[in-house]
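*Asks:* Sequence:
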Amino acid sequence: MKRLAWALVLVTTGVAAAQQAAPQNKTDNAKATQEGVGASGKDTQSQTKAKTVSATTSTPTTAAGTKEANLAEAKKQAKQPVVLHQHPTMVTMLQRSNGIRGRVGLRGHRLNPALCRAAQNHAEYMASTGSFSHDTNGGYVGRARRFGFRGGVRENIGWNYATIDQAFVGWQNSGGHYSAIVSGTTDAGFGYARSANGQTYWVSVYGAATAEDEADYATVLKKDAEKAAAEKAVSADADESETAEKTQTKVAPMIDDKTGA
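Taken in order, the sequence shown gives residues -18 to -1, 1 to 243; the numbers are from mature numbering (1 follows the signal peptide of the UniProt record, and there is no 0).
Hints listed in this document are in silico derivations from the structure and should not be mistaken for laboratory results.
It should be emphasised that the depicted structure is a prediction, and the values quoted were computed from it without experimental measurement.
C-beta atoms are modelled at their ideal positions from N, C-alpha and C, and glycine is treated no differently.
Among these hints, one or two may not hold up.
[To be verified] Label-pair distances were calculated between CB atoms; the ranges are:
id, residue 1, residue 2, range
1, Asn179, Thr118, 15 to 23 Å
2, Gly157, Ala210, 37 to 45 Å
3, Ser113, Ala144, 17 to 25 Å
4, Arg128, Lys204, 17 to 25 Å
5, Thr111, Lys205, 31 to 39 Å
6, Arg89, Ala200, 37 to 45 Å
7, Gly81, Asp206, 20 to 28 Å
8, Gly87, Ser110, 33 to 41 Å
9, Arg176, Ala207, 18 to 26 Å
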């Protein structure tokens, strides 16, 4: 009976060693934080096929190798930093802007990657130079063109508002700024920056997309979908490995307890 017990322990140990799960890489996502500096502010306004990533395969003879290759590709894509047009600050500004449009029955804007880059570029420029103007840094039309947006644009800028809500209240209570928010444009981009001495700069750009802009937007959406699929594949693999580790932890003590009885 003792010999049989020791045999079971040895077999169990070998199975547990063979089933060790591979360590997983985790990706930290960047996250925005807002810091208040003061309640007063001023503003101004102007007009003017990639392959699908999968965690499984349908070829039994090469399933392990294919799965490993797919996961490696998925991890590579998932490690890419959060893109600007998906940044929490930009998304929150879009929601606030679209809330204003919705109250007068207008369709919400799309968050356009090119306009976000143009807006963020100008917010950072103003924060670094202290120049609060639409016309510096190439002008608001020039900035839109520089970052790839071809349609007509309108821009709002704000200085030293403490929060997103305060910036939009200021714009909403100013006729010219409000007209830009509720204009017949299709897309929007936003920017936020903080100067070395703690002053805040806010930018919103609204644009009427051309056919070329629409094509660019579709390309970005496709890339976003691929990245989301990659992150899902990595997450699923991590869950699978965690479940396997928990199962191994439970099985070995059960056999040890039985053989020691």
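*Asks:* With 15 to 23 Å as the target window, see if Asn179 and Thr118 comply at their CB atoms.
*Replies:* holds, 19 Å
*Asks:* Taking the beta carbons of Arg128 and Lys204, is their distance inside 17 to 25 Å?
*Replies:* holds, 24 Å
*Asks:* Does 37 to 45 Å hold as the CB distance between Gly157 and Ala210, or does it fail?
*Replies:* holds, 40 Å
*Asks:* Within 17 to 25 Å or not, the Cβ separation of Ser113 and Ala144?
*Replies:* holds, 21 Å
*Asks:* Look at the Cβ atoms of Gly87 and Ser110 and judge whether their distance stays inside 33 to 41 Å.
*Replies:* holds, 40 Å
*Asks:* At the C-beta level, are Arg176 and Ala207 separated by a distance inside 18 to 26 Å?
*Replies:* violated, 32 Å
*Asks:* Mind checking the hinted window 31 to 39 Å against the Cβ distance between Thr111 and Lys205?
*Replies:* Given range 31 to 39 Å: holds, Cβ gap about 33 Å.
*Asks:* For Arg89 and Ala200, compare the CB-CB distance with the range 37 to 45 Å and indicate the outcome.
*Replies:* violated, 18 Å
*Asks:* Regarding Gly81 and Asp206, is the given constraint of 20 to 28 Å on their beta-carbon distance met?
*Replies:* holds, 23 Å
Checked against the numbered hints above, the structure breaks hints 6 and 9 and satisfies the rest.
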